[in-house]
Amino acid sequence: MSDQPRRPRPSGKPYRRPKKDPVRVLAFEALRAVDERDAYANLVLPPLLRKAREKEGPEAFDARDAALATELVYGTLRRQGTYDAVLARCVDRPLGEVDPPVLDVLSLGAHQLLGTRIPTHAAVSATVELARVVLGDGRAKFVNAVLRKVAQDDLDGWLERVAPPYDEDPEDHLAVVHSHPRWVVSALWDSLGGGRAGIEELLRADNERPEVTLVARPGRATTEELLREDAAVAGSWSPYAVRLAEGGEPGAIAAVRDGRAGVQDEGSQLVAIALANAPLDGPDRRWLDGCAGPGGKAALLGALAAQRGAALVASEKQTHRAGLVARALEGNPGPYQVIAADGTRPAWRPGSFDRVLVDVPCTGLGALRRRPEARWRRRPEDLEGFAPLQRGLLRTALESVRVGGVVGYATCSPHLAETRAVVADVLKQYPDSDLVDARPLLPGVPDLGEGPDVQLWPHLHGTDAMYLALIRRTG
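Note that our numbering numbers the sequence shown so that position 414 is 417, with each residue one more than the last.
I should point out that these hints are in silico values taken from the structure, not numbers from a laboratory.
Computed from a prediction, not measured in an experiment: that's the story for all the values here.
Any given hint could be a false lead.
No more than 30 angstroms apart at the CA atoms, straight line, and that leaves these computed lysine-lysine pairs for DSSO-like [claimed, not checked]: (1) K22 / K58; (2) K144 / K22; (3) K23 / K58; (4) K144 / K320; (5) K431 / K320; (6) K23 / K152; (7) K22 / K54; (8) K54 / K23.
So the derived label-pair ranges between C-beta atoms look like this [what the hints assert, rightly or not]: (9) P383 / R120: 34 to 44 angstroms; (10) P168 / G354: 23 to 33 angstroms; (11) A63 / L438: 49 to 59 angstroms; (12) R120 / R207: 10 to 20 angstroms; (13) G99 / R120: 25 to 35 angstroms; (14) N45 / T119: 45 to 55 angstroms; (15) A390 / G452: 31 to 41 angstroms; (16) E163 / D437: 47 to 57 angstroms; (17) R120 / G407: 22 to 32 angstroms; (18) R348 / G201: 39 to 49 angstroms; (19) E171 / A237: 39 to 49 angstroms; (20) Q321 / R120: 36 to 46 angstroms.
We put the CB at the ideal spot given by N, CA and C, even for glycine.
Start from the sequences and build out the full structure, keeping to the hints where you can.
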């Protein structure tokens, strides 16, 4: 190391090396992965947190640090639309001309200023310090200037300035205030059936962090066992559901590590339960999950089938996802088979099954609480891309079930183009099939609408916005 003194900067002040904040650096890295690689935060964040704990040590990077990093990532992604509207007023150029890494740092700063209780001075200084580490001193000055403008008002004040009045443009007002793309607001509003109160409740629910929900797989674990864990409470609707309070870690629970229980939204559980309990005419020996990846519903269906003496076939087109299904079903108490097959080109004979579930690929607009980046990633034209596959999978499901058997069409989207429109179109081609009222198969669950299909909602049921239609082959 040289003994020469540091050369003074032109200002006369010696250069100060930026201080690295592992929490904010981690949050920045997660946002970059979401932006650059189209990654999902729920997949990117856990390994980054593990890496930080290993590198910094459990004392230097503790549970509070992990919670702050998680809040910074998810909060920034959820409120991205709102923060973009605010930042656009504070930047001297179109946001599209701001380098994406700089915009990520600005968004992190905006969230700390407008969406958390972090004091203003601390939020600005910590974000500028982050900018010095990841962007360099020159762009850190730009970040500092912009965030000082953002800090001149609170969130409510900014919303009054950047959101158009509700009476002039209700959809755009809701889009800015609740941070959803306008087309998503419009689609969700149509699915709800109108009314300002309901859509605002739904959009607010989409911006809340969901609780972690576990499923006790029948014959392998019980809710009583899971309820002995710290911070565990019974689920609201599913008899197999247990919710973990904030901070609960599923990986620390033995039943989850052993595969006897899993992480599964309660809406997803209800779909599997409803199909399993739908009345049949005739035998009940063979069940099919036609879109089984990554395996949550298949594991619950396999356990329920085992209780009836039935066997489950779990089919998944993508080989690596079929591997996840096999892992989820490992140890199932009854017979099962996992195959890698295209659900639109079945590897089985027509009429082979008594019960069939197809939880079809979709836009995922029903899971925006868990995957907030999906709202910015999806486009209206994506609906056209999914439509042929959704209809093809439902047609195959109806051909795969025997006369008297039942098909469950499910999707984690409330968009009418992915739910009722698909079912209505396909049923025109299969006049020997009838809709079954799914509502009695979800006992105790309120606000299920006029039926016969069921749409669950985050703001009404605390679940993902799962859709289910049950269809019986009659001839």
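Results of checking the hints against the structure:
1. A hinted pair counts as satisfied when its Cα atoms are at most 30 angstroms apart, and K22 with K58 qualifies at roughly 16 angstroms.
2. Of the pairs offered as hints, the one joining K144 and K22 holds, with about 16 angstroms between alpha carbons and a cut-off of 30 angstroms not exceeded.
3. Straight-line distance between C-alpha atoms of K23 and K58 comes to about 13 angstroms, which keeps the hinted pair within the 30 angstroms bound.
4. Restraint check: the Cα-Cα separation between K144 and K320 comes to about 50 angstroms, which exceeds 30 angstroms; the hinted pair is violated.
5. Between K431 and K320 the alpha-carbon distance is near 27 angstroms, which keeps this suggested pair within the 30 angstroms criterion.
6. For a cut-off of 30 angstroms, the pair hint linking K23 to K152 stands: about 24 angstroms separates their Cα positions.
7. For the hint pairing K22 with K54, the CA-to-CA distance comes to about 19 angstroms; that is within 30 angstroms, so the pair holds.
8. A hinted pair counts as satisfied when its Cα atoms are at most 30 angstroms apart, and K54 with K23 qualifies at roughly 16 angstroms.
9. Remark: the range hint 34 to 44 angstroms for P383 to R120 is upheld by a beta-carbon distance near 37 angstroms.
10. As the Cβ distance of P168 to G354 is approximately 58 angstroms, the hint placing it in 23 to 33 angstroms is violated.
11. Between A63 and L438 the beta carbons are some 58 angstroms apart, a value that agrees with the proposed interval 49 to 59 angstroms.
12. Range check, R120 to R207: about 19 angstroms between beta-carbon atoms, so the 10 to 20 angstroms window is met.
13. For the pair G99 and R120, the beta carbons lie near 31 angstroms from each other, so the given range of 25 to 35 angstroms is met.
14. Between N45 and T119, the C-beta spacing of about 20 angstroms breaks the proposed range 45 to 55 angstroms.
15. Separated by about 23 angstroms at the C-beta atoms, A390 and G452 break the suggested range of 31 to 41 angstroms.
16. At roughly 52 angstroms, the beta-carbon separation of E163 and D437 lies within the given 47 to 57 angstroms, and the hint holds.
17. Our hint of 22 to 32 angstroms for R120 and G407 is violated, since their Cβ atoms are close to 59 angstroms apart.
18. In this structure the supplied range 39 to 49 angstroms holds for R348 paired with G201, their Cβ-Cβ distance being about 41 angstroms.
19. One distance hint, 39 to 49 angstroms for the beta-carbon pair E171 and A237, holds here, with the actual separation near 46 angstroms.
20. Look at Q321 against R120: about 43 angstroms separates their beta carbons, and that is inside 36 to 46 angstroms.
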